[in-house]
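Under numbering that gives the first Met the number 0, think of the first position of the sequence shown as 0, with each following residue one higher.
Note that these hints are calculated values from the structure, not bench results.
All of these numbers come straight from a predicted model, not from anything done at the bench.
Do not take every clue at face value.
[What the hints assert, rightly or not] Pairwise CB distance ranges (calculated): (1) T18 <-> M150: 47 to 57 Å; (2) L160 <-> A121: 16 to 26 Å; (3) T130 <-> S91: 11 to 21 Å; (4) L59 <-> E211: 52 to 62 Å; (5) R68 <-> R110: 43 to 53 Å; (6) K133 <-> D7: 53 to 63 Å; (7) R156 <-> A56: 39 to 49 Å; (8) E176 <-> L8: 32 to 42 Å; (9) Q78 <-> S137: 25 to 35 Å; (10) D7 <-> M150: 37 to 47 Å; (11) P169 <-> G40: 48 to 58 Å; (12) V198 <-> D58: 39 to 49 Å; (13) V148 <-> G40: 50 to 60 Å.
Using N, Cα and C, we set each Cβ at its ideal position, and we do this for glycine too.
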Amino acid sequence: MARHCSLDLLDPTRRVLMTILKRHGQASTETLATEAFLSIGATRQHMQALVDQGLVAFDLERRGPGRPRHLFSLTPAGQALFPQFYEEMADSLLAAVEAEDHDVRDRVFNRVAQAQMRRTLARLEGIEPSTRFKAAISALEDNGYFPSVTMEGNDARVSFLHCPLMGVAPQHPGVCEAEERCMRAAFGVEGIERAAHRVLGDSVCTYLVPVEA
0 MARHCSLDLL DPTRRVLMTI LKRHGQASTE TLATEAFLSI GATRQHMQAL VDQGLVAFDL
60 ERRGPGRPRH LFSLTPAGQA LFPQFYEEMA DSLLAAVEAE DHDVRDRVFN RVAQAQMRRT
120 LARLEGIEPS TRFKAAISAL EDNGYFPSVT MEGNDARVSF LHCPLMGVAP QHPGVCEAEE
180 RCMRAAFGVE GIERAAHRVL GDSVCTYLVP VEA
């Protein structure tokens, strides 16, 4: 099935301009206007919009008297709109890992999950147990998990509305097992149970987390 990159969501004219920049690496307003069959004025308007979106940056080139020339190039955000194959590469690598013995597989999947949660775990070092739960929720929020919390007695039902690992998790359950171990490390308590799992068809991943009174 064909994959559609975010470039497809741009205005068609701006998509053409982005593609010209991708081919040239850097281009002037005049070059962009010529290759896109636009007027200079229209090109400037489109390029300013792309700059405002953070997709394009420019340098000023001075050539004697008069107004300096704008030389446009794609920013990292602009480059990221073009097709990427990181997910496919990760999938191939994880498939190769799964062919190894059990100990090697577990070590690699642990490292994958730890790398994903490195910032979260780093923020929680030295946090007191009494404030650990709130700190963990805040760190997971900032790391893109979008946690939703409801209390059930002494347990918190923590549902993650987004899974940063969903691109590889369905084909590689070892990633989820490793992430679950990282969640225990993040919350700093034993007895955490997974109550819902997106890979098994649930709408979210949910953990039941014991919370200190």
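Subject >> Status of the given 16 to 26 Å range, CB of A121 versus CB of L160 >> reply: Once the Cβ atoms are compared, 23 Å apart, the range 16 to 26 Å for A121 and L160 holds.
Subject >> Distance restraint evaluation - E176, L8, Cβ atoms, bounds 32 to 42 Å >> reply: With Cβ atoms ~35 Å apart, the hint holds.
**OP:** With 48 to 58 Å as the target window, see if P169 and G40 comply at their CB atoms.
**Re:** Given range 48 to 58 Å: holds, Cβ gap about 49 Å.
Original post:
Does the Cβ pair K133, D7 satisfy 53 to 63 Å?
Top reply: violated (40 Å)
Original post:
At the C-beta level, are R156 and A56 separated by a distance inside 39 to 49 Å?
Top reply: About 45 Å separates the Cβ atoms of R156 and A56, which means 39 to 49 Å holds.
Original post:
Regarding L59 and E211, is the given constraint of 52 to 62 Å on their beta-carbon distance met?
Top reply: The hint (52 to 62 Å, Cβ to Cβ) holds, given that L59 and E211 are roughly 58 Å apart.
Subject >> Beta-carbon spacing of R68 to R110 - inside the hinted bounds 43 to 53 Å or not >> reply: holds (48 Å)
Original post:
Taking the beta carbons of T18 and M150, is their distance inside 47 to 57 Å?
Top reply: holds (51 Å)
Original post:
Holds or violated: 11 to 21 Å for the Cβ distance of T130 and S91?
Top reply: violated (42 Å)
**OP:** For the range 37 to 47 Å, tell me whether the beta carbons of D7 and M150 fit it or not.
**Re:** holds (43 Å)
Subject >> Outcome of range test on Cβ distance (V198, D58; 39 to 49 Å) >> reply: Holds, since V198 and D58 (Cβ atoms, about 47 Å apart) stay within the stated range.
Original post:
Could one say that the CB atoms of Q78 and S137 fall in the range 25 to 35 Å?
Top reply: holds (31 Å)
When the structure is compared with the earlier hints, violations turn up for hints 3, 6 and for no others.
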